Amino acid sequence: MQKLGDFKLPQFFNYPPYFTLQPVRDTREKQVQLWKDLILDYCKTQHIFVIELEEEFPLFSNPVIERSLSHEARKAFLSALVTEGRAEWLDKGHRKCLILWHRIQDWADIILRFVKDNGLEDGVMTIEEIRSGIESRGTELHGIDRTILMRALKLLEHKGKLAIFKGTSTDDEGVKFSV
Amino acid sequence: MRRRPGIGGLQTAAAARDQYRLLGENVAKLRTDLMKEQLATFRSQLEEFARKHKNDIRKNPTFRAQFHEMCAKVGVDPLASNKGFWAELLGIGDFYYELGVQIVEICLATRSHNGGLINLQELCMLLRQKRKTDREAVSEDDCLRAISKLKAQGYVTVDEVEGRLSWTSGRATDALDTLLDEGLAMIDDGHKDGKRRYWFPCVSSISSSVGADI
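Chain order of the listed sequences is A and B. Here the numbering used here is used: the first sequence runs in plain steps of one and ends on residue 244. Here the numbering used here is used: the second sequence runs in plain steps of one and ends on residue 608.
Any given hint could turn out to be false.
What the hints assert, rightly or not - Here are the computed lysine-lysine pairs in the DSBU-like style, where the Cα-Cα straight-line distance is at most 30 Å:
(1) Lys95/A - Lys181/A
(2) Lys68/A - Lys109/A
(3) Lys95/A - Lys73/A
(4) Lys140/A - Lys101/A
(5) Lys453/B - Lys73/A
(6) Lys589/B - Lys68/A
(7) Lys109/A - Lys157/A
(8) Lys73/A - Lys157/A
(9) Lys589/B - Lys101/A
(10) Lys586/B - Lys140/A
(11) Lys140/A - Lys161/A
(12) Lys161/A - Lys73/A
(13) Lys68/A - Lys140/A
(14) Lys68/A - Lys586/B
(15) Lys161/A - Lys586/B
(16) Lys586/B - Lys95/A
(17) Lys140/A - Lys589/B
(18) Lys140/A - Lys181/A
(19) Lys219/A - Lys231/A
(20) Lys95/A - Lys589/B
(21) Lys101/A - Lys423/B
None of these hints come from the bench; they were simulated from the model. For clarity, every value in this text was computed on a predicted model and none was experimentally measured.
Next up, chain B with everything else stripped away, as it sits in the complex:
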């Protein structure tokens, strides 16, 4: 751009700066838009991938762990809610929920032997033994995810347990009342929805005693 002397020259320079700035903003916007589009494409391809490899994800723990990592990279959490695309497609929300309950059962059962502290490998081994009759294999990664999900909520209602584990009515209440009597759960009748909640103060100590960083 040819420099001109005097006020005229200054005005030209200012106008030029404005134009470059505008161009720069447009370029930035374009890049953002492109990136958003790329992410959206990636997400839908991820969903396609999940659909295609549903069985592998369910059956193979290593594959499952890698799948989780891929999801995390684009900000998708298949376990974030029990409703919607991911939960329905993969049905893995329930998988982890049930795992969480089994982990609590194992920790309860081994408490007198290990004083409430169990290491992750042993937990996994016991869990596999417990589940060996059927179903999907379980990895340490799965255990950690299940524990972190339990820890996040901290409580359950009878309805939730019945719904998620397909237990007959009354069975859930019995199980929860047993945990209550064992001193492992506490009741909470104070929620405005009037539903009784069972809280598990032991869960946070389980996740820290399993010796892993969650």
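For reference, chain A alone in the conformation it holds in the complex:
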């Protein structure tokens, strides 16, 4: 099996036609599904949160078979992820895509578990500490994309589980938990 780093690539990645957008509907659906799963899987294991369409992204070409996804194909697969709620466009031009390999709700659950694991039910923490503090090491929260984190926190704020407060700068932005 071919690998990208230590990520195992699926069989279809070595089959040239999968790098061309298929015109026949049923075939296209199957193709899109395979690519969606691959993108999510890869981003999850590699901790990638943003894909930029015009940048080199290892998944979008396979030098072994000398094939690359066209811009149109990349857009098609990412748009399919957006439609499914597993990704979001970050810009109007649809050049940057935020990948939700965990949905926002899943991230919210992860945060709650983190709070309980660290006895922070009534505690206070800065945003930065949540994403890069000692407690975050070894958890999925470590290195989480800021946009995603804020969304998840806002979701929890809406449910009354915490309150976000601003400090004097973004470095001081923090959270008061009431879990």
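With chain A fixed as given, assemble chain B onto it according to the hints.
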């Protein structure tokens, strides 16, 4: 060789060993050369044989199978390329190519009856019926060879189909697009030569479902 004592004796023994070794190498080289010559002779005799028995090879499946075996023994594959001596002499590259396409057609047509699985004898029977109007008889051995050739390449271009089967232009595109619509082919526009390729993911499943070891 008379043994002599002392250093002189040792030197003689060493010189003798060298001479024997050299002789041994020469003998080996001679044998290799002879063998190469024998193979070359065999090859040209095989070509002569093929020329003489061209019709038999074309018409008689058993004879054809034995001929293939003979070729294999000396490392000749008459089907390896569609150009050159063998292809031109025997024209059998096209024979197997066309057979391969017909096999795909039969598998397509019978898919709803047999769920995509057909055994080799039935395939051959259907193939003979399909071809009975003219041309050379077809054996199971031929079917297996045709399938293994299809499997090896995995794709075709419109030009290739037109050229090999002598179809009018457009007919090949229609046929391939039909297979595409049926979900049996996939397009590939990514090759640097810019030619569209039609791939057949079903072919590998055909060769394994025909129940033979290829």
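Structure-based check of each hint:
{"no.": "1", "hint": "Lys95/A - Lys181/A", "in the structure": "violated (41 Å)"}
{"no.": "2", "hint": "Lys68/A - Lys109/A", "in the structure": "holds (16 Å)"}
{"no.": "3", "hint": "Lys95/A - Lys73/A", "in the structure": "holds (20 Å)"}
{"no.": "4", "hint": "Lys140/A - Lys101/A", "in the structure": "holds (11 Å)"}
{"no.": "5", "hint": "Lys453/B - Lys73/A", "in the structure": "violated (50 Å)"}
{"no.": "6", "hint": "Lys589/B - Lys68/A", "in the structure": "holds (29 Å)"}
{"no.": "7", "hint": "Lys109/A - Lys157/A", "in the structure": "holds (25 Å)"}
{"no.": "8", "hint": "Lys73/A - Lys157/A", "in the structure": "violated (33 Å)"}
{"no.": "9", "hint": "Lys589/B - Lys101/A", "in the structure": "holds (27 Å)"}
{"no.": "10", "hint": "Lys586/B - Lys140/A", "in the structure": "holds (22 Å)"}
{"no.": "11", "hint": "Lys140/A - Lys161/A", "in the structure": "holds (10 Å)"}
{"no.": "12", "hint": "Lys161/A - Lys73/A", "in the structure": "holds (25 Å)"}
{"no.": "13", "hint": "Lys68/A - Lys140/A", "in the structure": "holds (24 Å)"}
{"no.": "14", "hint": "Lys68/A - Lys586/B", "in the structure": "holds (24 Å)"}
{"no.": "15", "hint": "Lys161/A - Lys586/B", "in the structure": "holds (28 Å)"}
{"no.": "16", "hint": "Lys586/B - Lys95/A", "in the structure": "holds (25 Å)"}
{"no.": "17", "hint": "Lys140/A - Lys589/B", "in the structure": "holds (23 Å)"}
{"no.": "18", "hint": "Lys140/A - Lys181/A", "in the structure": "violated (40 Å)"}
{"no.": "19", "hint": "Lys219/A - Lys231/A", "in the structure": "holds (13 Å)"}
{"no.": "20", "hint": "Lys95/A - Lys589/B", "in the structure": "holds (24 Å)"}
{"no.": "21", "hint": "Lys101/A - Lys423/B", "in the structure": "violated (61 Å)"}
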